[in-house]
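If you want the building blocks of each chain, they are given just below.
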Amino acid sequence: MQKKTLLDGQKIQITIKRLCHQLIENHDDFSNTVLIGIQPRGIYLADRIHQELQSILKIDNLKKGNLDITFFRDDFRRKDGLVTANSNSIDFIIENKKVVLIDDVLWTGRTIRAALDALLAYGRPEKVELLVLIDRRFSRHLPIEPDYIGKKVDSLDSQKVVVTWASEGAEDKVILLSEKQ
Amino acid sequence: MAADRLSTRHLLGIKDINRNDIELIFETADNFKDVINRPIKKVPSLRDITIANIFFENSTRTKLSFELAEKRLSADVVNFAASSSSVSKGETLIDTVNNILSMKVDMVVMRHPYAGAGQFLSKHIKAQIVNAGDGAHEHPTQALLDAFSIRQKLGDVEGKKVVIVGDILHSRVAISNILCLQQLGAEVMVCGPTTLIPKHIEALGVKVEHNLIKALNWCDVANMLRIQLERQDIKYFPSLREYAMMYGLNKQILDNLNKEIIVMHPGPINRGVEITSDVADSKQSIILEQVENGVAVRMAVLYLLASQG
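Those protein sequences? They're chains A and B, same order as listed. Residue numbering for the first sequence is 7 to 187, as defined by the numbering used here. Residue numbering for the second sequence is -16 to 292, as defined by the numbering used here.
Simulated from the structure, these hints should not be mistaken for lab results. Even glycine gets a Cβ: it sits at the ideal position worked out from N, Cα and C. Some hints here could point you the wrong way.
Stated by the list, open to error - Distance ranges between label pairs, derived from CB positions:
no. : chain 1 : residue 1 : chain 2 : residue 2 : range
1   : B       : Asp238    : A       : Ala172    : 29 to 39 angstroms
2   : B       : Lys24     : A       : Asp153    : 46 to 56 angstroms
3   : A       : Val89     : B       : Arg21     : 18 to 28 angstroms
4   : B       : Asp78     : A       : Asp123    : 39 to 49 angstroms
5   : A       : Asp123    : B       : Met228    : 51 to 61 angstroms
6   : B       : Arg21     : A       : Ala172    : 29 to 39 angstroms
7   : A       : Glu101    : B       : Asp13     : 23 to 33 angstroms
8   : A       : Lys133    : B       : Asp59     : 44 to 54 angstroms
9   : B       : Arg254    : A       : Leu63     : 41 to 51 angstroms
10  : B       : Val274    : A       : Lys158    : 50 to 60 angstroms
11  : B       : Lys24     : A       : Ser184    : 40 to 50 angstroms
12  : A       : Gln16     : B       : Asn1      : 41 to 51 angstroms
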């Protein structure tokens, strides 16, 4: 395995700050906007964005939830092994709200397709936007593009992008893993 | 941490599954419980699966519960009741089921009056089978939802004391419950008149008690079973009234215990026989929670089985 660091802790912090300011440009005081992290890996980024936004805006009532997409996946019974479900925690209705979906890595777009489906169970949002830390561009299977991007990355299908977080006991880091030739 | 898949293709009985399987089912059921409490109670997971509910014996709760679970997972459902079918014209079990399967059914949920019917069928057909009760043998999903309800109410099943009261001899719920609770580390006692306790049941590792008050003072949870008059070919006790006096649970008994216990009942209740109305409707009873959990647990079972179809 070859490892290449794409973003280190400091860069991630700068990127998150920049993403937050871009969000503020479009959402003002967030009175009608909610953040939704996608389980299992998007929730760490959602937490960070949530904290950062609240400290920049000096508010403490920004709504945030976690969305699990397991039962909405399109590869059920088509791939080996079972993906274990995670919990949903959305204790508000998203009817007529602006929703910012947050995930760490955007690759084929299938997770986001499932998330859009899963989201409907909580109401009809006014608008849904997508924020990702890493965009593995030119690898989409579906017509899905992010609205806010931390970093665009060119990668092969055989490679893997791994994001780890200090809040899960590792360090803030994005690495690109590739098989040794 | 539970395993990431079941160890079996069919759910024929608790005897065939292990503790990891049970824990995986519970963890998945937690997620489905969340799903069925949302404004939109449906997920698309089983949208390309067809399930046949084949009931050779009457049922309200189990059949409705399975059907709801299937529909909330977006499966296509066909229902079949023996009373209104060609079975009464003399068709055999395999023929009936094979005919249904040639209509491209992926999964069969079956209730049958004979023990082992599910086992038999699983050797002859390709579809996956979920046993919804076979004679006096097993009723695995009922045991799972009972244990799930105890876990939800008391936090854990391990180390808890559960007494099963009533007609143990004719009860598939009792056997499956004993096996399931023991796998999860609970202590189990059975209580009832001598005639309704099977001989050698101690061999399963359960305690036997014939005095209801003693049993209730020992336990954390009392599961009151129905007297299955339809399976009793001879008289096992002098009268229902005498049974109710000796083994019926009423408010007075409940209030005089030295602790607060949880009361369960798999339904249908014979009010005034094994349990009085004021107990069935009391705060200590979790009978309706059991029904709600039944849908979530059955969704988990169907989802997990389908994932390895």
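Now for the hints, and whether the structure bears them out:
1. B:Asp238 <-> A:Ala172: 29 to 39 angstroms: Between Asp238 of chain B and Ala172 of chain A, where Cβ atoms are some 54 angstroms apart, the hint is violated.
2. B:Lys24 <-> A:Asp153: 46 to 56 angstroms: violated, 30 angstroms
3. A:Val89 <-> B:Arg21: 18 to 28 angstroms: holds, 20 angstroms
4. B:Asp78 <-> A:Asp123: 39 to 49 angstroms: holds, 41 angstroms
5. A:Asp123 <-> B:Met228: 51 to 61 angstroms: Given a distance of about 57 angstroms, which is inside 51 to 61 angstroms, the answer is holds.
6. B:Arg21 <-> A:Ala172: 29 to 39 angstroms: holds, 33 angstroms
7. A:Glu101 <-> B:Asp13: 23 to 33 angstroms: holds, 26 angstroms
8. A:Lys133 <-> B:Asp59: 44 to 54 angstroms: About 34 angstroms separates the Cβ atoms of Lys133 of chain A and Asp59 of chain B, which means 44 to 54 angstroms is violated.
9. B:Arg254 <-> A:Leu63: 41 to 51 angstroms: Given about 59 angstroms between the Cβ atoms, the range is violated.
10. B:Val274 <-> A:Lys158: 50 to 60 angstroms: Check passed, 52 angstroms falls within 50 to 60 angstroms.
11. B:Lys24 <-> A:Ser184: 40 to 50 angstroms: Hint holds: Cβ distance 44 angstroms, inside 40 to 50 angstroms.
12. A:Gln16 <-> B:Asn1: 41 to 51 angstroms: Distance hint for Gln16 of chain A, Asn1 of chain B holds at roughly 48 angstroms.
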